[in-house]
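Peer 1: Each step along the sequence shown adds one to the number in my numbering, with nothing skipped, and position 172 is 172.
Hints listed in this document are in silico derivations from the structure and should not be mistaken for laboratory results.
Keep in mind that this is a model prediction, so the values were computed, not measured.
Accuracy of the hints is not assured; some may be wrong.
No farther apart than 20 Å at their CA atoms in a straight line, the calculated lysine-lysine pairs in the PhoX-like style are these [as the list claims (entries may be wrong)]:
1. 317 to 247
2. 168 to 247
3. 247 to 366
4. 247 to 108
5. 247 to 310
6. 139 to 94
7. 26 to 95
8. 173 to 108
9. 188 to 108
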Amino acid sequence: MFTVTSASPSRSDSTEAGEEDEYGLKPMNCPGHCLIFASQRRSYRDLPIRYADFSPLHRNEISGALSGLTRVRRFHQDDGHIFCRPTQIEDEIKKTLDFVHIVYSTFKLGPFRLTLSTRPADHYIGTAEDWESAENALKRALDASGQEWTVNEGDGAFYGPKIDIILKDSDGKEHQTATIQLDFQLPKRFELEYQAPAPEFERRGETTADPEKLAESGAVTPVLIHRAVLGSVERLMALLTEHYDGKWPFWLNPRQVMILTVNDSEPVMNLACQAQDVLMGRDGPANSALSSPSQLAVDIDSSRRSLPLKVREARSKGYSVIVTVGPRQVPNGTVTVEMAGRERNDGAVEQVHEEMAPSDLLKLLKARVDSYQ
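Let's have the full structure, built from the sequences with the hints guiding it.
Peer 2: Dropping the structure here:
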């Protein structure tokens, strides 16, 4: 399968003496997705068909190039492949670029820059005419995006040109994250096809209203768009970790809520556990929005240490919300909440200190998650 793609890895060191079987580490998902497309008869009405895959991939990077999470030999990426008609290319690329903007603005990453990588000087497959057609399609999509872009001559993949999204880390070093690659070659090599009227026009990305031409039907090779919005998930996690410098927004924070008890008396402990159940969505009435798991990460520190010490430790560990439960809150079933509030015009973040019911706090925190705050 990988031989068809011209991306079969060297197998000189892949086996040991006495072994009858050979094993390989998957370098890419596209051949598998091509086989899925080819598994049944396709019509032009079925297209575009989109597949996505997060399974691990492997690259034999030289040891000197390895660097933390930004350059590894085994990684995961939001690997997607779009099989489309020639007339759908620009619309699909525009949708993918819009998707990139949505995701990166949600993470508050940027600004990023766009580059168009063109045909390599030597190692490539396909004809120069195919490459020119693919590059022109990407140029039109980039122009339509309204964003500035540059050309990176000769840095395209071996099967087609690509659009790369480049981000800078906290040290100013650039990293390629998202990518959109246009491929006319792999569908041909895997002999992929779909049935369409007026096939000659369809292949050229043209339409016709001629009834005689439309009465004809034939096989057409689809166009393949490779896309990854996050790119390497490991690399993006490294960039996000540096970007937020340990101060994760609530919706991303693995340490969202810490409940601190003032003492270990039974009423205080019961209220702390009840608050945890409510915040985690384990204590609502049946058929209630509060009865389903909230997916919030809520911990309890019920140790006998002093409250100031526990507060200081929770802050140092990066908890977004600190909830205090003591004898004063028990009669009303409320908790005292400390968390970051709105950002002021000067960039400073207000701190909120408020007493509220756990159910009200849950609604507030779920609203923050839903709005990516």
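Peer 1: Would you mind marking each hint as holding or not holding in the structure?
Peer 2: Hint check results:
no., hint, in the structure
1, 317 to 247, "10 Å, holds"
2, 168 to 247, "19 Å, holds"
3, 247 to 366, "19 Å, holds"
4, 247 to 108, "13 Å, holds"
5, 247 to 310, "19 Å, holds"
6, 139 to 94, "11 Å, holds"
7, 26 to 95, "28 Å, violated"
8, 173 to 108, "18 Å, holds"
9, 188 to 108, "39 Å, violated"
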